[in-house]
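> So the sequences go chain by chain: H and D. If you use numbering that gives the first Met the number 0, the first sequence corresponds to residues 0 to 204, in order. If you use numbering that gives the first Met the number 0, the second sequence corresponds to residues 0 to 204, in order.
Please keep in mind that the hints were generated in silico from the structure rather than gathered at the bench. Wrong hints could be hidden among the right ones.
Identical copies carry no separate label here, and so any pair may be met within one copy or between two of them.
Unchecked claim - 27 Å max Cα-Cα, derived DSS-like pairs, lysine-lysine:
id	residue 1	residue 2
1	Lys45	Lys58
2	Lys45	Lys56
3	Lys201	Lys114
4	Lys115	Lys198
5	Lys201	Lys77
6	Lys58	Lys114
7	Lys201	Lys45
Remember, predicted model here, so these are calculated numbers, not experimental data.
Number of protein chains: 2
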Amino acid sequence: MIPEATIRRLSVYLRCLRRGLRRGEELVLSTQLARRCGTSASLVRKDLSYFGGFGIKGKGYRVADLIHAIESILGINKPIALILVGVGSLGRAILRYLQEVPYFNILGAFDNDEKKWGRRVGRVEVLPAHFLRRFLEENPVDLGVIAIPPEGVEEVVDTLERGGVRGVLSFALAEFEVPRNMVLEFVDIAAELEFLYYKANKLKT
Amino acid sequence: MIPEATIRRLSVYLRCLRRGLRRGEELVLSTQLARRCGTSASLVRKDLSYFGGFGIKGKGYRVADLIHAIESILGINKPIALILVGVGSLGRAILRYLQEVPYFNILGAFDNDEKKWGRRVGRVEVLPAHFLRRFLEENPVDLGVIAIPPEGVEEVVDTLERGGVRGVLSFALAEFEVPRNMVLEFVDIAAELEFLYYKANKLKT
Chain H
0 MIPEATIRRL SVYLRCLRRG LRRGEELVLS TQLARRCGTS ASLVRKDLSY FGGFGIKGKG
60 YRVADLIHAI ESILGINKPI ALILVGVGSL GRAILRYLQE VPYFNILGAF DNDEKKWGRR
120 VGRVEVLPAH FLRRFLEENP VDLGVIAIPP EGVEEVVDTL ERGGVRGVLS FALAEFEVPR
180 NMVLEFVDIA AELEFLYYKA NKLKT
Chain D
0 MIPEATIRRL SVYLRCLRRG LRRGEELVLS TQLARRCGTS ASLVRKDLSY FGGFGIKGKG
60 YRVADLIHAI ESILGINKPI ALILVGVGSL GRAILRYLQE VPYFNILGAF DNDEKKWGRR
120 VGRVEVLPAH FLRRFLEENP VDLGVIAIPP EGVEEVVDTL ERGGVRGVLS FALAEFEVPR
180 NMVLEFVDIA AELEFLYYKA NKLKT
């Protein structure tokens, strides 16, 4: 069993390695990779040791091979098909950010507000939220990203689940019984900051 | 000791309560609050029970009192002073989002790129990154938000720590020895999504 923290770091290594590959890099030392990823060389070596030896002694890792290996481990040999629900200020922001990550393929964005329908955020068109169910029938979607207020999250998760989406990231914290065949994670930025503030204050006392 | 999950939910309740107060709401039932926050009434009651009885039997909670009480618990009777480092596409997005939360007071945004200096994102002006140290000497800052690539995170955290910032949220995962008098949290959205994808794939098999 690979630790969760290692899996999360693999995806960071992957981004650093791809940046290297685009610059024509063929070999990378664990110290170089560590510096670029803001981590330590020993942690890089430990994380990569879970998957067998990719290194060549004294020369480092072959960049292309390592990218390939991490992609296989994460299961992302092909782009990840994403949709986003909720094109408010945060949703728009996330949509722009995700379009810059080459292995995310954003199929569509959905919103309740008819004034937004037909508009584009980058390359992605905003569609009516009530199209979502039909859209999922016609398009296989890997992950859903939700950027709406908490009271609507459960219903959207339900629609996504019925539409075959197996992973959801919600930017509003909500609690309900998560469908069994789905992974749901929450990132509530405002709550995160208040929590940090609370912990930082405890630290002082 | 109040559980971390409760503290995180308190800040969600707070946002729901404030929306109610702005609409002139005086009393709120745990069932109403739960619906609005995407949670259950029993969880609301449990979370609030840590802080003594705010409820009036059969009538619910007094909205203004409850807001006040949660603010005291979280220590946010005054606005939280924030700065942001890294005004790329994600940083800009976060900056816009944070300006919509009334109890965050964003004092400044910093970037290395001189083309961005002097520009505004909403009400916030982008300042040169090398001003950061001086800025912190002159302005007390509660929390720092970092939206730069991982390789630069440690240095910025170091500058923030010397400048008296006690809590940092970084949008790029990085690992290093965190200064002892500081709380550091990471939210790497791309890594989060890849991790979700990995877990969702495990689910299928």
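> Against this structure, judge whether each hint is valid.
Hints, one by one, checked against the model:
1. For the homomeric pair Lys45 and Lys58, the shortest alpha-carbon distance inside one copy (17 Å) is at most 27 Å, but the shortest distance between copies (57 Å) is not.
2. For a Cα distance limit of 27 Å, the shortest separation of Lys45 from Lys56 inside one copy, 15 Å, qualifies, whereas the shortest one across copies, 57 Å, does not.
3. When the C-alpha separation of Lys201 and Lys114 is checked against a cutoff of 27 Å, the pair qualifies neither within a copy, at 45 Å, nor between copies, at 39 Å.
4. For a Cα distance limit of 27 Å, the shortest separation of Lys115 from Lys198 qualifies neither inside one copy, at 39 Å, nor across copies, at 33 Å.
5. Within a single copy, Lys201 and Lys77 get their C-alpha atoms only as close as 45 Å, which misses the 27 Å cut-off; across copies the closest is 16 Å, which meets it.
6. Taking identical chains as interchangeable, the C-alpha atoms of Lys58 and Lys114 are never at most 27 Å apart, the minima being 56 Å within one chain and 39 Å between chains.
7. In this assembly of identical chains, Lys201 and Lys45 lie within 27 Å of each other by CA distance solely across copies; the values are 23 Å between and 34 Å within a copy.
In terms of the numbered hints stated before, the structure departs from hints 3, 4, 6, listed from lowest to highest.
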